[in-house]
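Enquirer: Those protein sequences? They're chains A and B, same order as listed. The opening position of the first sequence corresponds to residue 1 in the working numbering, with each subsequent residue numbered one higher. The opening position of the second sequence corresponds to residue 1 in the working numbering, with each subsequent residue numbered one higher.
Since the hints were derived computationally from the structure, they do not count as laboratory data. Certain hints may be false.
In silico SDA-like pairs for lysine to any residue, Cα to Cα no more than 25 angstroms straight-line [said to hold, decoys possible]: (1) B:K59 - A:V238; (2) A:K206 - A:R161; (3) B:K59 - A:T219.
Sample of chain B residues at the chain A side, in silico, Cβ under 10 angstroms [claimed, not checked]: (4) F29; (5) H47; (6) R50; (7) M61; (8) S77.
Okay, the calculated bits of chain A under chain B, using three or more residues with CB under 8 angstroms as the criterion [what the hints assert, rightly or not]: (9) 189-195; (10) 211-219; (11) 237-246.
Ideal Cβ positions, reconstructed from N, Cα and C, are used throughout, including at glycine.
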Amino acid sequence: MPDGPPEDEKRLRAVLESLASDADSLSTRGREISSTGGTVAMEAVLREIEQTVLPRRLTFASGSDVQLVFDVTERRILAFGSDLSNTQENLSREQAELVADHLRSFCNAAEIVHVRCDVTVYAEPGGETGVSLPDLLPYLAADLDLPGQTVPVNVAIAESRPFTLALLDTGVDGAATVEGQDSIGARLRQLEESFQANLDAKPGDKPRCRIWVDQIPGTFAVLLVQISRRRIWLAFEVDHLDACIACWSRVG
Amino acid sequence: MREKLDSLRTRFTGCSIVAFADLSTGLVFAASTREKTDQERLDALCHEARDVLCGPVAKTMAETGFPSRQEPMHAVSFDAGRLSLFVRTLSQPQEALCFVCDPNTSVTEMIGPGADLLTQLGREA
Numbered sequence: 001m002p003d004g005p006p007e008d009e010k011r012l013r014a015v016l017e018s019l020a021s022d023a024d025s026l027s028t029r030g031r032e033i034s035s036t037g038g039t040v041a042m043e044a045v046l047r048e049i050e051q052t053v054l055p056r057r058l059t060f061a062s063g064s065d066v067q068l069v070f071d072v073t074e075r076r077i078l079a080f081g082s083d084l085s086n087t088q089e090n091l092s093r094e095q096a097e098l099v100a101d102h103l104r105s106f107c108n109a110a111e112i113v114h115v116r117c118d119v120t121v122y123a124e125p126g127g128e129t130g131v132s133l134p135d136l137l138p139y140l141a142a143d144l145d146l147p148g149q150t151v152p153v154n155v156a157i158a159e160s161r162p163f164t165l166a167l168l169d170t171g172v173d174g175a176a177t178v179e180g181q182d183s184i185g186a187r188l189r190q191l192e193e194s195f196q197a198n199l200d201a202k203p204g205d206k207p208r209c210r211i212w213v214d215q216i217p218g219t220f221a222v223l224l225v226q227i228s229r230r231r232i233w234l235a236f237e238v239d240h241l242d243a244c245i246a247c248w249s250r251v252g
Numbered sequence: 001m002r003e004k005l006d007s008l009r010t011r012f013t014g015c016s017i018v019a020f021a022d023l024s025t026g027l028v029f030a031a032s033t034r035e036k037t038d039q040e041r042l043d044a045l046c047h048e049a050r051d052v053l054c055g056p057v058a059k060t061m062a063e064t065g066f067p068s069r070q071e072p073m074h075a076v077s078f079d080a081g082r083l084s085l086f087v088r089t090l091s092q093p094q095e096a097l098c099f100v101c102d103p104n105t106s107v108t109e110m111i112g113p114g115a116d117l118l119t120q121l122g123r124e125a
């Protein structure tokens, strides 16, 4: 049975495909995301950016050999340019209008848009760097059909997989499933059993997310997501703390 | 102390509150806020810090979750509209810095400076 409306299924499928696929060769344009330009192209480009949590280089190509290259991590544009050798790096919120202008020009001139997604290594972004969708919104058309403000749980789980050590999901019916490293999964089971036994297990209306970080540097952290009666415990390396928050902050 | 908290808070554009709290008493000793904030809000923040760092789940983390078998050093509570970070140090585990920020603020960047300030305040006490 589908979990969530069809639009969420398409998004989940796109995320899983992007995680599973190898980087495209330089000779390919990549995946078609819009068969037209203008507003539809803009919405498709913004959707790609919003789905990018781990460091990726997104190369958007229009039908007329024009390219727009974005370095994106944690849903923020850290660098952009027209090709790999001509980029503006270390972007901050103050450059949102500049980025929006380039986006608008590219999309208005496009007839069709493809995207190629390449794995990239990027320095961990700080909270003050990068341009996010909320930063761009004041400079974009008001009638855009923007990416959903909430992220389905299954999409958040898929986006978290690259840094997940173990995951326990009680599901909506309380039948817990565990995946990942056995020893850490066993700890998550014990946490869930203890959690059920105390008053903190009461369900709430709004999703609630908490992370606990161990005292020993380099060990793992634990995320607990409570959505109604469902609980997800996720163990991950502390290095991915910001990425984990980015994946789960809009779950709903 | 207030100046030090102001200096820490203004390093992070998305940060609206930094409060220095005593977890054993539930009191906020000092706070730096971007906007006028009433004591009730600060008390609620300290209460949240005690709950997440010392409450039932934190104790369970110590018993079964973490390799260290200790209560968590730091904790984060967040949703789509808000993020709260709670930082403490091994040397002064009853004291914590409580941050309230936009959800897209880097927690990783705040932990180090927060711990450094706690250590400094502990030496000056």
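Enquirer: Does each hint fit the structure? Answer for all of them.
Expert: These are the hints, each one checked on the structure:
The straight-line distance between the Cα atoms of K59 (chain B) and V238 (chain A) is roughly 20 angstroms, inside the 25 angstroms bound, and the hint therefore holds. A distance of roughly 24 angstroms separates the Cα atoms of K206 (chain A) and R161 (chain A); the hinted pair therefore holds under the 25 angstroms criterion. Annotation: proposed proximity of K59 (chain B) to T219 (chain A) holds, straight-line Cα distance about 17 angstroms (limit 25 angstroms). Of the supplied interface hints, the one on F29 (chain B) is violated, with its beta-carbon coming no nearer than about 23 angstroms to a beta-carbon of chain A, more than 10 angstroms.
About 14 angstroms separates the beta-carbon of H47 (chain B) from the nearest beta-carbon of chain A, more than 10 angstroms, and the hint is not met. Taking 10 angstroms as the C-beta cut-off, the interface hint given for R50 (chain B) is violated, the closest approach to chain A being about 13 angstroms. Checking M61 (chain B) against chain A: minimum C-beta separation of about 5 angstroms stays under 10 angstroms; hint holds. About 5 angstroms separates the beta-carbon of S77 (chain B) from the nearest beta-carbon of chain A, less than 10 angstroms, and the hint is met.
Residues of the segment 189-195 of chain A with a Cβ under 8 angstroms from some Cβ of chain B number 4, which satisfies the need for three, so the listed coverage holds. Check result for the segment 211-219 of chain A against chain B: holds, 7 residues qualifying (beta carbon to beta carbon below 8 angstroms, three or more required). Coverage of the segment 237-246 of chain A by chain B holds in this model, with 4 residues showing a Cβ closer than 8 angstroms to a Cβ of that chain against a need of three.
Of the numbered hints stated above, those contradicted by the structure are hints 4, 5 and 6, listed in ascending order.
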